[in-house]
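Sequences listed follow chains W and X, in order.
Under this note's numbering, think of the first position of the first sequence as 1, with each following residue one higher.
Under this note's numbering, think of the first position of the second sequence as 245, with each following residue one higher.
Hints in this document: simulated from the structure, not taken from any laboratory.
A couple of the hints might just be wrong.
Said to hold, decoys possible - Pairs of lysine to any residue residues, derived as SDA-like cross-links and limited to a Cα-Cα distance of at most 25 Å, are as follows:
id: 1; chain 1: W; residue 1: Lys185; chain 2: W; residue 2: Asp169
id: 2; chain 1: W; residue 1: Lys202; chain 2: X; residue 2: Glu342
id: 3; chain 1: W; residue 1: Lys185; chain 2: X; residue 2: Lys298
id: 4; chain 1: X; residue 1: Lys291; chain 2: X; residue 2: Val280
id: 5; chain 1: X; residue 1: Lys347; chain 2: W; residue 2: Arg228
id: 6; chain 1: X; residue 1: Lys454; chain 2: X; residue 2: Val425
id: 7; chain 1: W; residue 1: Lys185; chain 2: X; residue 2: Glu336
id: 8; chain 1: X; residue 1: Lys298; chain 2: W; residue 2: Lys202
id: 9; chain 1: X; residue 1: Lys446; chain 2: W; residue 2: Leu48
id: 10; chain 1: X; residue 1: Lys389; chain 2: W; residue 2: Glu176
id: 11; chain 1: W; residue 1: Lys46; chain 2: W; residue 2: Val104
id: 12; chain 1: X; residue 1: Lys347; chain 2: W; residue 2: Val104
Said to hold, decoys possible - Quick list of simulated restraints, FRET-style, between CB atoms:
id: 13; chain 1: X; residue 1: Leu381; chain 2: W; residue 2: Gly183; range: 15 to 25 Å
id: 14; chain 1: W; residue 1: Leu68; chain 2: X; residue 2: Asn476; range: 18 to 28 Å
id: 15; chain 1: X; residue 1: Pro285; chain 2: W; residue 2: Leu68; range: 38 to 48 Å
id: 16; chain 1: X; residue 1: Ser469; chain 2: W; residue 2: Met53; range: 26 to 36 Å
Unchecked claim - Every beta carbon over 12 Å from chain W, so not counted as near; a handful from chain X, in silico:
id: 17; residue: Val264
id: 18; residue: His289
id: 19; residue: Gln306
id: 20; residue: Leu312
id: 21; residue: Asp371
id: 22; residue: Val375
id: 23; residue: Asp379
id: 24; residue: Ala397
id: 25; residue: Glu456
id: 26; residue: Arg472
id: 27; residue: Thr480
No residue lacks a Cβ here, since even glycine has one placed at the ideal position from N, Cα and C.
Protein chains: 2
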Amino acid sequence: MISIVSLGPGGENEISPRAVQALEHSDVIIGYETYVDFLVPRFEHKKLIRSAMKQETERCRQAAELALSGRNVALVSGGDAGVYGMAGLMLEVLDTLEGNDIKVEIIPGITSACSAAAVLGAPLNHDFATVSLSDLLTPWELIEKRLTLAAEADFIICLYNPASRGRKDCLRRACEAVMTVRGGKTPSGWVRNAGREGQTHKILPLSELKDEELDMSCTVVIGNSETRVLNNRMVTPRGYKTKQ
Amino acid sequence: MISIVSLGPGGENEISPRAVQALEHSDVIIGYETYVDFLVPRFEHKKLIRSAMKQETERCRQAAELALSGRNVALVSGGDAGVYGMAGLMLEVLDTLEGNDIKVEIIPGITSACSAAAVLGAPLNHDFATVSLSDLLTPWELIEKRLTLAAEADFIICLYNPASRGRKDCLRRACEAVMTVRGGKTPSGWVRNAGREGQTHKILPLSELKDEELDMSCTVVIGNSETRVLNNRMVTPRGYKTKQ
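For reference, chain W alone in the conformation it holds in the complex:
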């Protein structure tokens, strides 16, 4: 059996009891090293397997092998495992192992969009789109097209992976794509380490967001045409009709 376990933002008090139960019932816990390290204090009596970044496919194969050998495996994923997480890849790898009878359960968690939004106020309170700025597996042209169409549709836009060492420029390019449609005064914000140690955030106009120095631990929210800053918090109203 494989449990794909969402760990939420990273604080011990934001992981669900269901996720903790699955970890307790597992024989082996496998995941990206940072997440496994986070679990050490509570689960050091388990077999823990730390896997490196970019070894995701290998990690899923190892989880499958362990399950085939009769262990209960917990594959952990930060935030929600189903949002830019490990759930999809694990199901794809299992599909290649014909005739296996491995049981899989997916345990949801609090995704970064929600943990970051709670820090910024209530910016996601209407229709929103999430876009990852990582172009490792997605052509940049498609990312930019999505941003432009999301802006035209007046979606609130939540950016995952807004920057990394190899991609310094993509936040600026993303902001410029949105600004071709939406004004530079649009309330925007970023949160670093949302819901965990070292949490910081900033609310600023879209025109200034493009010059911020962000990294993989940050999540960005760009408001829609109705988003306002009230008492230093981003707030998107529930609807449009109240204005008429």
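Given chain W's structure and the hints, the job is docking chain X onto it.
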């Protein structure tokens, strides 16, 4: 002090310890009657205030008055309070009370998109857009425009509030808007009561989704151009470049 507390999907084991702590520290718990009823077994020693649907503004005013009278108030919201929930309205109401010094914290939770996706497989594993089909506060023309642009951008689309007693027809119209861009064979699915008692789900092509009889307890996911059904689960790959 007001804590805006996300209850997650509704099961006792999917509410975060941080949310439970906030409820324990409150003097009064106020919320939509269904959510307050859900809390009765654990919190019947608290003052519980059940509020009816469509009384959201009144509910927030009452929460503010209670806080001004010195109580610690927990305003509860299903799923994540920041996603079509109570967080935005509460901040808007507080903004109208000039000079108040009410402290507010927002506690995130597992939103329906994530709890429903975990039941269906891993459909949200790439960029996605959430759209509420409720036209109470948003003109239907804008909802339809968003669906069309989201389909053109190849976002996975998650529908909140796909139907209600007064809006039997909107799911069919939404599916037709997406089908003008994306094929009728696109893997889609719905979940009723995701993560709580009475959970059921169905995976089916987009062309058949439009005729399903859904209600407010359902969440819908429509795949992107890459979404596949593997072992009766919806799976969206992490990217596009692997195909090249």
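Comparing the hints with the structure gives:
1. Lys185(W) with Asp169(W): Measuring from Cα to Cα gives roughly 21 Å; hence the hint holds.
2. Lys202(W) with Glu342(X): holds (24 Å)
3. Lys185(W) with Lys298(X): violated (32 Å)
4. Lys291(X) with Val280(X): Satisfied, since the Cα-Cα distance of roughly 11 Å is no more than 25 Å.
5. Lys347(X) with Arg228(W): Answer holds: Lys347(X) to Arg228(W) is near 19 Å, not above 25 Å.
6. Lys454(X) with Val425(X): Holds: Lys454(X) and Val425(X) sit about 15 Å apart, inside 25 Å.
7. Lys185(W) with Glu336(X): holds (20 Å)
8. Lys298(X) with Lys202(W): Violated, because 33 Å separates the two Cα atoms, which is more than 25 Å.
9. Lys446(X) with Leu48(W): violated (36 Å)
10. Lys389(X) with Glu176(W): Given pair Lys389(X), Glu176(W) holds - Cα atoms ~23 Å apart, limit 25 Å.
11. Lys46(W) with Val104(W): holds (20 Å)
12. Lys347(X) with Val104(W): The given pair, whose Cα atoms are some 43 Å apart, is violated under the 25 Å limit.
13. Leu381(X) with Gly183(W): 15 to 25 Å: Once the Cβ atoms are compared, 23 Å apart, the range 15 to 25 Å for Gly183(W) and Leu381(X) holds.
14. Leu68(W) with Asn476(X): 18 to 28 Å: holds (20 Å)
15. Pro285(X) with Leu68(W): 38 to 48 Å: Since Pro285(X) and Leu68(W) have Cβ atoms about 41 Å apart, the given range 38 to 48 Å holds.
16. Ser469(X) with Met53(W): 26 to 36 Å: The hinted range 26 to 36 Å holds for Ser469(X) and Met53(W), with Cβ atoms some 27 Å apart.
17. Val264: Non-interface label fails for Val264(X): nearest chain W Cβ at 9 Å, not farther than 12 Å.
18. His289: Consistent with the label, His289(X) stays out of reach of chain W, its closest Cβ about 21 Å off (over 12 Å).
19. Gln306: Check passes; 18 Å lies beyond 12 Å.
20. Leu312: holds (16 Å)
21. Asp371: violated (5 Å)
22. Val375: violated (5 Å)
23. Asp379: violated (9 Å)
24. Ala397: Given a closest Cβ separation of 4 Å, the condition is violated.
25. Glu456: Glu456(X) clear of chain W: closest Cβ-Cβ about 21 Å, beyond 12 Å.
26. Arg472: violated (9 Å)
27. Thr480: violated (6 Å)
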